[in-house]
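Q: The primary structure of each chain is shown beneath.
Number of protein chains: 2
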Amino acid sequence: MTLTNYNFGYIIPIGGAEEKLRDAAILRRFAALSGGGDARIAIIPTASRLEDTGTKYEEIFRGIGVAEATSLPFSERSDGHREDWLEVLRKATGVYITGGNQLRLSTILGGTPVADILRERNQKEALVVAGTSAGASIMAEHMIAYGDEGPTPRADAVTLAPGLGLTRHAIIDQHFRQRNRLGRLLTAISYNPRLIGIGLDEDTAAFINPESQLEVVGSGAITIVDPSDMTFSSMDSANRHAPVSLINVRIHVLVEGCTFDLISREARPAQLVEQS
Amino acid sequence: MTLTNYNFGYIIPIGGAEEKLRDAAILRRFAALSGGGDARIAIIPTASRLEDTGTKYEEIFRGIGVAEATSLPFSERSDGHREDWLEVLRKATGVYITGGNQLRLSTILGGTPVADILRERNQKEALVVAGTSAGASIMAEHMIAYGDEGPTPRADAVTLAPGLGLTRHAIIDQHFRQRNRLGRLLTAISYNPRLIGIGLDEDTAAFINPESQLEVVGSGAITIVDPSDMTFSSMDSANRHAPVSLINVRIHVLVEGCTFDLISREARPAQLVEQS
Numbered sequence: 613m614t615l616t617n618y619n620f621g622y623i624i625p626i627g628g629a630e631e632k633l634r635d636a637a638i639l640r641r642f643a644a645l646s647g648g649g650d651a652r653i654a655i656i657p658t659a660s661r662l663e664d665t666g667t668k669y670e671e672i673f674r675g676i677g678v679a680e681a682t683s684l685p686f687s688e689r690s691d692g693h694r695e696d697w698l699e700v701l702r703k704a705t706g707v708y709i710t711g712g713n714q715l716r717l718s719t720i721l722g723g724t725p726v727a728d729i730l731r732e733r734n735q736k737e738a739l740v741v742a743g744t745s746a747g748a749s750i751m752a753e754h755m756i757a758y759g760d761e762g763p764t765p766r767a768d769a770v771t772l773a774p775g776l777g778l779t780r781h782a783i784i785d786q787h788f789r790q791r792n793r794l795g796r797l798l799t800a801i802s803y804n805p806r807l808i809g810i811g812l813d814e815d816t817a818a819f820i821n822p823e824s825q826l827e828v829v830g831s832g833a834i835t836i837v838d839p840s841d842m843t844f845s846s847m848d849s850a851n852r853h854a855p856v857s858l859i860n861v862r863i864h865v866l867v868e869g870c871t872f873d874l875i876s877r878e879a880r881p882a883q884l885v886e887q888s
Numbered sequence: 613m614t615l616t617n618y619n620f621g622y623i624i625p626i627g628g629a630e631e632k633l634r635d636a637a638i639l640r641r642f643a644a645l646s647g648g649g650d651a652r653i654a655i656i657p658t659a660s661r662l663e664d665t666g667t668k669y670e671e672i673f674r675g676i677g678v679a680e681a682t683s684l685p686f687s688e689r690s691d692g693h694r695e696d697w698l699e700v701l702r703k704a705t706g707v708y709i710t711g712g713n714q715l716r717l718s719t720i721l722g723g724t725p726v727a728d729i730l731r732e733r734n735q736k737e738a739l740v741v742a743g744t745s746a747g748a749s750i751m752a753e754h755m756i757a758y759g760d761e762g763p764t765p766r767a768d769a770v771t772l773a774p775g776l777g778l779t780r781h782a783i784i785d786q787h788f789r790q791r792n793r794l795g796r797l798l799t800a801i802s803y804n805p806r807l808i809g810i811g812l813d814e815d816t817a818a819f820i821n822p823e824s825q826l827e828v829v830g831s832g833a834i835t836i837v838d839p840s841d842m843t844f845s846s847m848d849s850a851n852r853h854a855p856v857s858l859i860n861v862r863i864h865v866l867v868e869g870c871t872f873d874l875i876s877r878e879a880r881p882a883q884l885v886e887q888s
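Residue numbers (this note's numbering), protein chains in the order written: chain A, 613 to 888; chain B, 613 to 888.
Rather than coming from a laboratory, the hints here were simulated on the basis of the structure. No experiment lies behind these values; they were computed from the predicted model shown.
Derived coverage of chain B by chain A (criterion: at least 3 residues anywhere in the stretch with Cβ under 8 angstroms from a Cβ of chain A; other residues may be distant):
no.	segment
1	711-717
2	769-776
Covered stretches of chain B (in silico footprint by chain A; criterion: 3 or more residues with CB under 8 angstroms from a CB of chain A, positions within the stretch not fixed):
no.	segment
3	688-697
4	802-812
All residues carry an ideal CB built from backbone N, CA and C; glycine is no exception.
Turn these sequences into a full structure, and let the hints guide you.
A: Right under this line is the structure:
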């Protein structure tokens, strides 16, 4: 692949329903990467229609020992120009995007300074950006907006929309095992077999470092769909809703400690990482 | 917008049904930008299922006075690794992508060295890339794969897929007036109001220079959809196939000689350009 890596900050898509109390391993590791005790976390609860989503995460992050955790409840497009909230974003060391509906994120924040600041600071200033569920989907350039359940691909089984564009290497799906989403991820990948598919189970995160190396953290699995060697796809000739044929798709199922390189497309088990 | 311009070669999406005989204004200007008499044009007829599409364009370009015009009829994914054809692409000064079905282009060429060479050489070596109809749609990062007719937006009226990625500023639609496609372009833009919509009538081309300035050439119009000031979209709450509400969308209808700056988002009539 010739697309060069273009972000300097970690991006951390999470599959939803992450453990928030007991060990909260994913949230703690995100907080540590964002500066630990000195971290300034901005929370974007826009995907959610519940009023207390942002304040709940403020409490969770303060409970973990983060210095500042501030919810920015953007709820209409004009909010995306509020100078006081943009200033919080410009000073944050980490941003956490909550779950809900990813189309709320794209329709309310798309094309506003909020989206520009997240992309710019993640690219150039190593801002850490994490997001769970809808907040994970929005991160990629190509976002799964919604789609059908089931394990095999069907034409038109998925609706893609432009996302935040923090990565151009992958399409991200979440609640993966719990909502039976392999089929829609395969559909998304088969439209153009340039991208990698990342399917995140609940309470499972992909910690993607600035070298585009992904590491699995959490209690579930991450399913990687790699179409590099795909020799055939019938997507261009299949009728809407009809099954799609794909030949030679490589899949990896990775659990905690396993890694995947989004550039070389190599997967490694957890043991090898620990030995090195 | 903070996305920087990232291609050094012209990109020239054409709305389909371009005049090929009499004046052939669009094709002649493409040939001139590619080196005129010294141009080496590679033709990619992959979108079409007709066997003679590529050879017909070879004749057209030779008739215009181009030195070399070579059809590369990639028709399955393994063709995307044919070293003899890749070498023609590496030496070409201009590439012409024909019409047909844009999903054939993305499923057959996506993730192959063909797509990589086009993107790399257009970005870094000023390779000129033109495409008509399906060949126009494939150019953008976000490609309209198919959709419904009609003048107003409806949720799920359009299917997006990853394209070649020669521009991240715009979503491109073609046969625009002839097939009544404003509604599907508005739908595509409303998913994430970060991008500009470019609707190309038949026999009409957008000559987009390396500074992301677009100039209209041809007998029809180009419709620009600019959501920069959009204050509201109901896309996130609309049911599938239901009408979508959009407030404050700016539209320009531009004819030959008019220009539009994809960075500053300013449109200018033809007269002002001639005076300057």
